[in-house]
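Engineer: These protein sequences, in sequence, are chains A and B.
Numbering that gives the first Met the number 0 applies: residue 0 is where the first sequence begins, and numbers increase by one.
Numbering that gives the first Met the number 0 applies: residue 0 is where the second sequence begins, and numbers increase by one.
Keep in mind the hints are simulated off the structure, nothing from the lab.
Warning: the hint list may mix true and false statements.
[As the list claims (entries may be wrong)] SDA-like, lysine to any residue: derived pairs with alpha carbons at most 25 angstroms apart:
#: 1; chain 1: B; residue 1: 117; chain 2: A; residue 2: 18
#: 2; chain 1: A; residue 1: 59; chain 2: B; residue 2: 247
#: 3; chain 1: B; residue 1: 117; chain 2: A; residue 2: 19
#: 4; chain 1: B; residue 1: 117; chain 2: A; residue 2: 59
#: 5; chain 1: B; residue 1: 117; chain 2: A; residue 2: 20
#: 6; chain 1: A; residue 1: 59; chain 2: B; residue 2: 147
[Claimed, not checked] Among the chain A residues that face chain B by a calculated CB cut under 8 angstroms, a handful are:
#: 7; residue: 18
#: 8; residue: 20
#: 9; residue: 35
#: 10; residue: 38
#: 11; residue: 66
#: 12; residue: 75
#: 13; residue: 100
All figures in this text were calculated on a predicted structure; none of them were measured in a lab.
Backbone N, C-alpha and C fix where the C-beta goes; we use that ideal spot for every residue, glycine too.
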Amino acid sequence: MPEPDQISFEAPLEAAFGPVVRLIVGGIAERADFGFEAMDDLQLAVERLLVEAGSDGNVKLSFELRGDGIRTRVGPLRERGIAEALQDSEGKPGTLDLQRILSTVVDSYGVEQAADGHIVVRLEKLRGVAL
Amino acid sequence: MSTAKESGRLQLRDADRELLRRYHELGDESARDALVERHMPLVRSLARRYAGRGEPLEDIEQVGAIGLIKAIDRFDLEREVALATYATPNVVGEIKRHFRDKGWAIRVPRALQEMNAKMSATIDRLTSTLGRSPSIGEIAESLQATPEEVLEAMEVGSAYTTLSLSAPVGEDAADPLEVIGKEDEGFEHSEDREELAPALARLPQREREILRMRFEEGLPQTQIAEQVGLSQMHVSRLIRRSLMAMREELD
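When you get a sec, could you build the whole thing from the sequences and use the hints?
Structural biologist: So this is what it looks like as structure tokens:
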């Protein structure tokens, strides 16, 4: 089986770069033949994650274009609140937190441990029925 | 010798000056109202130049009317200039400032703005025709553009600005949910809402309802769009802006 295409880049967490990241995520989703809605979901997932990650420093983003969708990794992230929010087995009922948002807009997500107590958030988004 | 047209123009100018004198010297508010009414065609004409940039024409006209009123208020009776001449840069300036405050419309290339204006309808039409969410490539083909142009045009309309969430974003001035007057359920009825509830509660009812449908009921954008009578793209933008507004509230 061929290796999936990969794209990685690093972007400032500063809010002004949010639209740039969105544009790139959109371009990657387009190359993976995502429909508008699936692309919008992935853009929203990445955007919310970056907002929660604060505004200082840079963040790495990597994308694997797999046969059925895109695996995204965001991090290492320092923000411990993200790990805590995402490691709860279930989100708090009735709240609209990061866990609730991610579980709605991506097919699955997970938290991977990185060095120095940092985390990497993995997002899996399937192409759906766009093709 | 004056032509009939020039003569008519002078009469209008004299009538304007008389109204301006009544307003400035006698404080006659009805004279100001009459001046506004007389010059609204000018405002509408100037506003139309800025149509198709993601703002409803009526809103642009209202902004232009503010420029007109400022011009009337500032008009110096000593100056030998027609009110229309004096008001035009004021009206245009007010409209440009409005767009500048919104952060994107003036500096975005017109071609992208025009593509953005067509985007919502194209996505909805393709979704209906194909029975699924169209790909960017399909949207691009329909708009005779490249996928990158489509993505850029989408980004044009979803600028990160502090737009009023209750303001219509384009095609829909009417708010169907306000008409229906449906009660909110879900998020706001939770006991775990202390931190979130004020931020959520400050959102307009339509946005709260859209968030509830998306994140509680798990409805896709297409279904939400159908239920609230908006385009899919508009629903997407309202979701993003609402989440952003709530996050800013918590900071």
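Engineer: Run every hint past the structure and note whether it holds.
Structural biologist: Tested hints:
Annotation: proposed proximity of residue 117/B to residue 18/A holds, straight-line Cα distance about 21 angstroms (limit 25 angstroms). For a cut-off of 25 angstroms, the pair hint linking residue 59/A to residue 247/B stands: about 24 angstroms separates their Cα positions. Among the hinted pairs, residue 117/B with residue 19/A is consistent with the structure: their alpha-carbon atoms are about 22 angstroms apart, no more than 25 angstroms. Among the hinted pairs, residue 117/B with residue 59/A is inconsistent with the structure: their alpha-carbon atoms are about 34 angstroms apart, more than 25 angstroms.
For the given pair, residue 117/B sits about 24 angstroms from residue 20/A by alpha-carbon distance, which is consistent with the 25 angstroms threshold. With a C-alpha separation of about 23 angstroms, the suggested pairing of residue 59/A with residue 147/B holds against the 25 angstroms cut-off. A distance limit of 8 angstroms between C-beta atoms decides the matter here; for residue 18/A the minimum to chain B is near 6 angstroms, and the interface restraint holds. For residue 20/A, the suggested interface contact is broken, since its CB lies about 11 angstroms from the closest CB of chain B, more than 8 angstroms.
The interface hint given for residue 35/A holds, since its Cβ lies 5 angstroms from the closest Cβ of chain B, which is under the 8 angstroms cut-off. Because the beta carbon of residue 38/A sits about 7 angstroms from the nearest beta carbon in chain B, less than 8 angstroms, this interface hint is met. Given the 8 angstroms rule on beta carbons, the hint for residue 66/A is violated: about 16 angstroms separates it from the nearest Cβ of chain B. At a threshold of 8 angstroms, the smallest CB-CB gap from residue 75/A to chain B is about 22 angstroms, leaving the interface hint violated.
Residue-level restraint check for residue 100/A holds (minimum Cβ-Cβ distance to chain B is 6 angstroms; threshold 8 angstroms).
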